[in-house]
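Trainee: Each protein sequence line maps, in turn, to chains A and B. Under the working numbering, the final residue of the first sequence carries the number 1836; numbering is consecutive throughout. Under the working numbering, the final residue of the second sequence carries the number 175; numbering is consecutive throughout.
The set of hints was computed from the structure by calculation and includes no laboratory data. In this text, a Cβ means the ideal position worked out from N, Cα and C, and glycines have one as well. Some hints here could point you the wrong way.
Unchecked claim - Covered by chain A, per the in silico footprint, the following chain B stretches (three or more residues, Cβ under 8 Å):
id, stretch
1, 34-43
2, 47-59
3, 101-114
4, 137-149
5, 156-164
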Amino acid sequence: MYVAVKGGERAIDNAHAWLAEERRGDPSVAELSLAQIREQLKLAVNRVMAEGSLYDPDLAALAIKQSRGDLIEAIFLMRAYRTTLPRFGTSRPVETADMACDRRVSATFKDVPGGQVLGPTFDYTHRLLDFKLAAEGAPTEAPTAPPRREPTPHVTSFLRGEDIIQDEPASDATPRDITREPVSFPTDRAARLQTLTRGDEGFILGMAYSTQRGYARNHAFVGELRIGMVPVEMEIPELGFAIEIGEIELTECETVNQFKGSKTEPPQFTRGYGLVFGQTERKAIAMALVDRALRWKELGEDNVGAAAQDEEFVLSHCDNIQATGFLEHIKLPHYVDFQSELELVRKLRREAEAGQARKAAE
Amino acid sequence: MTQEISPQARKGWMSLLATADEARLAALFDTLDAAPDHDWLRAPETGGVMVRGRTGATGAPFNLGEMTVTRCTLKIAGGTVGHGYVQGRSKRQAELAAKLDAMLQTDAAPEVQDKVLAPLRHEKSTARDARAAKAAATKVDFFTMVRGED
């Protein structure tokens, strides 16, 4: 029960003033600029854009500064801002085959056209703290090689030729939009992918890990992981044709999963799909694993009762803004609620004591 | 004064203007001999566009998330209409893009092509190549170890 509580305005104002001061920290230390956050904390910016479901690096940098680096709070600010924007339209589906790849690796095929391109990765670093970064200094310039200008084909396109992998036939069906109509269950893959791509990285990671540990195991290989810029095209009604309205960085992960076949499907490889704003590869891989686990019904697999197979469980709990809103509201005043609980427990206690006293007297 | 424009050409310059850096675009705009006055048909406004992807890269579409876009429409002296659609929240960039879109449909087109579009196109492809060159340097060269059995 929610009850209007008056009072506390002065305390709230003063708390916010102190928050602003604490946000700034020691004034003798130079203040962070948004450009510094955008350029030097780029992966935090990417996460805030992905889970805030709004691609705008400058806004994400502002949200991170305002939230003092609390990324869920920053995501909350992005989501709130997003709701104030008029919707101009929807883009054409992005063509990830045309991506200008900064990184592109396959764990299934060593020799793929376009090759294994590592990009600016943490992989193969020793995870030892680098004290050189504590001192200022420019990094050494990255080496270069003759650039590849042609598009890099998807790895799954090679398997498709052999008809040994499940196909993803193109369609122009209008997908459901979870920002316009709430998800109801059972739902479809489009709504699941939209929910997962903006879901909490930690939650999706945990779910994906549970499938690897044996809860609805689906033997995932990373068929391909690619990161890079992709143009976004939209039909402009006043022009009557489509133009590029921008370019966004995306991480795409396609898993190739072992599949023994079912009553309806022959033995083949099946697929899980992850596509996320920014350089966000942990999230994209996790998303692909969870997407694959949630497809058990359409593939005619057994429901083994694992959490990662339960779309109601996964989709209803993966949104960190919904979750934190409900979780954190319990710290706000519940004085009257609690007063009634207190009265109830006192009354029960009195009755229990009176009952014991009667028993003792008998 | 308005010339026949192919949609392909117009798509090309509008796409280039959509992703240009605002400060760079303004600097290039200032190199033009004359900037026409304009009347707003639709003042600059910022909104969201829902970006879609395809399941498994080739399958059915799904909604990925939104991006910020700013747009406007104006009419320059002489009556030519220009549209600006740019990524992000810069109203100034949308205005410049719309004005250039209008000018590119008039006799001013060759000058705009030379002084604004050509440098932007060159800088965009240079930046893209520079990234691709760094990516290419991280491409793995596999080799087989000599096993030393004989």
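Trainee: The structure should be examined with respect to each hint, and the outcome stated for every one.
Mentor: Here is how each hint holds up against the structure:
1. 34-43: holds (count 5)
2. 47-59: violated (count 0)
3. 101-114: holds (count 6)
4. 137-149: Violated - the stretch 137-149 of chain B has 0 residues with a Cβ nearer than 8 Å to chain A, which falls short of three.
5. 156-164: holds (count 9)
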